[in-house]
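Peer 1: Chain order of the listed sequences is A and B. Count along the first sequence starting at 1, add 724, and that's the number in the working numbering. Position 369, counted from 1, in the second sequence is what the working numbering calls 356; the numbers after and before it change by one each time, with no gaps.
Some clues are possibly wrong.
[To be verified] Using 16 Å as the maximum straight-line C-alpha spacing, the simulated EDC-like pairs for lysine to aspartate or glutamate come out as follows:
id, chain 1, residue 1, chain 2, residue 2
1, B, Lys409, B, Asp333
2, B, Lys138, A, Asp826
3, B, Lys131, A, Asp826
[Unchecked claim] A partial selection of chain B residues facing chain A, derived with a Cβ cut-off under 8 Å:
id, residue
4, Tyr120
5, Phe140
6, Met152
7, Gly159
8, Phe391
9, Phe439
Hints were generated in silico from the structure; no laboratory data involved. C-beta: ideal position from N, C-alpha, C; glycine also.
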Amino acid sequence: MPIQYYIFLCLTLFCIGIVGVLTRRNAIIVFMCIELMLNAVNLLLVAFSKMHHAASVGNNPATTAGIEGQLFVFFIMVVAAAEVSVGLAIIVMMYRNTHSVDINFLNRLKN
Amino acid sequence: MNAIIVSALLGVVMMFTGIISQKKSVHTAVASVGLLLLLLANLLNHYGLFVIHVDTRGMFNFEQFGMYFNSIAIFATLVYVLLSGKTIEHTGVSTADFYALIFFVLCGVSILSGFNGLLMLFLGIEIMTIPLYILTGADKRNLKSNEASLKYFLMGSFSTGIMLMGITLIYGATGTFTMGESNVIGSGGLIPKTSFLEIAGAILIFVSMCFKVSAAPFHFWTPDVYDGAPGVFTSFMATIVKAAGFIAFVRLYENNTAMLGPTWRILLSFVIISTLLIGNITAVFQQSVKRMLAYSSIAQAGFMLFALYSANDLAKEGILLYSVAYSLATIGIFAILIKMKDYTFDGFNGLAKSQPLLAFAMAVCLLSLAGIPLTAGFFAKYYMLASVVKTGGSLWLVVIAVLFAAVSAYYYFRVIQAMYFKDGEAELMELTPAFKTGMLALAVLIILVGIFPTIVLNFFYF
Chain A
725 MPIQYYIFLC LTLFCIGIVG VLTRRNAIIV FMCIELMLNA VNLLLVAFSK
775 MHHAASVGNN PATTAGIEGQ LFVFFIMVVA AAEVSVGLAI IVMMYRNTHS
825 VDINFLNRLK N
Chain B
-12 MNAIIVSALL GVVMMFTGII SQKKSVHTAV ASVGLLLLLL ANLLNHYGLF
38 VIHVDTRGMF NFEQFGMYFN SIAIFATLVY VLLSGKTIEH TGVSTADFYA
88 LIFFVLCGVS ILSGFNGLLM LFLGIEIMTI PLYILTGADK RNLKSNEASL
138 KYFLMGSFST GIMLMGITLI YGATGTFTMG ESNVIGSGGL IPKTSFLEIA
188 GAILIFVSMC FKVSAAPFHF WTPDVYDGAP GVFTSFMATI VKAAGFIAFV
238 RLYENNTAML GPTWRILLSF VIISTLLIGN ITAVFQQSVK RMLAYSSIAQ
288 AGFMLFALYS ANDLAKEGIL LYSVAYSLAT IGIFAILIKM KDYTFDGFNG
338 LAKSQPLLAF AMAVCLLSLA GIPLTAGFFA KYYMLASVVK TGGSLWLVVI
388 AVLFAAVSAY YYFRVIQAMY FKDGEAELME LTPAFKTGML ALAVLIILVG
438 IFPTIVLNFF YF
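Produce the entire structure from the sequences given, and follow the hints as far as they go.
Peer 2: Have a look at this one:
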């Protein structure tokens, strides 16, 4: 499959994530949209990794080109997991105090 | 490498201290000793006396500049802990954990000052910000703290997502995670060499870094977060972490702006001017000193962005001097602010009568932020503007910056006016003599750096 398909798919997923973050009011759903953004990036990284590998494997069959992209994906997964643990804790903390996970609550600080 | 390893270890040590001892003053003492050790470890590394060697496969590049910034950041944290340690003990229940998180933030800071390549940039930023989300929400029962924490967290991870997309696009175009390099072999690559993807990636990373250092038009989270977070941790966030963000920013775009061409400078001057404009003008209308400081930190970010604009050796010296001047002054102001009962400007009325020493120290810090000669802030601003002049052209940018510095004097002087020329009873929490001595020492240090800026810069060339 041409790389463009992957790029378009991932950018679509990424944009869905961004629109979700900007429009949804439920903290958990906003959080899921952020995860969607990160996973779109993961998918694109793997696709690019494969592309770079395919591009250089013709010259040198034993090449390791493109491997760092897949490594990066693991780092993103780990960091995303760390973020989830902290983020959910924060959402739970807020829920305990307000009994709601609505982001509109966040406008209290404005003035 | 020393700073990264030692700070991570000290974070673990702090967590165990929390188990072993329940006395909060012990935690502060251990943290101070730990920071001294960390500073020592970094200095040993800086002068090449004792270096832990780790084969990082070119992912790190420990140069003078980054090492020196580490020392500055660790020293500023030490000053911060010594001045505000008592207040950290009164915030929340788990003091040792807060110190552990501060050490983890310092670990992220040392990664950011030494990264080479986008993978370490990403990891450094995450290691630096994830503990900060927790510190922002440290006051668990306080709704404002919860709100600030959630807002910071959502904005932070959102901008991380944008940064990751940028990194990925650059990787797609070049086949490497080092900016400004390319691994794509001739026409064998499926994507042409100077690719649209690379430019889009560079701009996305730029946007996300602007989020992290709260440059306009991506600053909107800053006032709310700085205002809502417990004052002690705002102080830490607004100084050391922010300066580290700028060091990463400067190092990232040091030699890598070729692909953006002249657009880079246009983009950057737009960001600089809007940052100065929004930061300074909005700060004028604030009623709370804490919120005013949040906007002032945006305004100061505008000045620090000049280092990015000119990107020469003077700019590098300037950003180091700026980190020192800005961090020390802001830490000092916050140290006094969090002892106040009332955070509004009126709360400072008559402080000079009841606490002349503190009022003097506070005045020195405020003058330094405003950039009045004989304080550290003056030379910091001077180096920034001189570096822009040195690059040639763009004198209009310097003129605008000076005008906004004049605007900034207005809101800093409002605090001084309240302290010295208005009558009132400024209410403070109990103060120890050690705190007053510390504030006086800080004021003397700021004046000393203001008279002899070379004492800071000479270390850089050792």
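Peer 1: Double-check B:Tyr120 for me: the hint is only fine if its C-beta lies closer than 8 Å to a C-beta in chain A.
Peer 2: At 5 Å from the nearest chain A Cβ, B:Tyr120 passes the 8 Å test, so the hint holds.
Peer 1: Would you check whether B:Phe140 satisfies its interface hint, that is, whether its CB is within less than 8 Å of any CB in chain A?
Peer 2: holds (5 Å)
Peer 1: Identify whether the interface hint at B:Gly159 stands, where standing means a beta carbon of chain A within less than 8 Å of its own.
Peer 2: With a minimum Cβ separation of about 4 Å from chain A (threshold 8 Å), the hint on B:Gly159 holds.
Peer 1: For the pair supplied as a hint, B:Lys409 and B:Asp333, is the alpha-carbon distance within the 16 Å limit?
Peer 2: Holds, at about 9 Å.
Peer 1: Can the restraint linking B:Lys138 and A:Asp826 be considered satisfied, given a maximum Cα separation of 16 Å?
Peer 2: This hinted pair holds, its Cα atoms lying about 12 Å apart.
Peer 1: Please verify that hint: B:Met152, Cβ, nearest Cβ of chain A, below 8 Å or not.
Peer 2: holds (5 Å)
Peer 1: Given B:Phe391 as an interface hint, is the shortest Cβ-Cβ distance to chain A below 8 Å?
Peer 2: Violated. Min distance 24 Å.
Peer 1: Using Cβ atoms only, decide whether B:Phe439 comes closer than 8 Å to chain A, and label the hint accordingly.
Peer 2: violated (42 Å)
Peer 1: Regarding the pair B:Lys131 and A:Asp826, is the alpha-carbon distance no greater than 16 Å?
Peer 2: Roughly 15 Å between the alpha carbons, so the hint for B:Lys131 and A:Asp826 holds.
Taken one by one, the earlier hints fail for this structure at numbers 8, 9, listed in ascending order.
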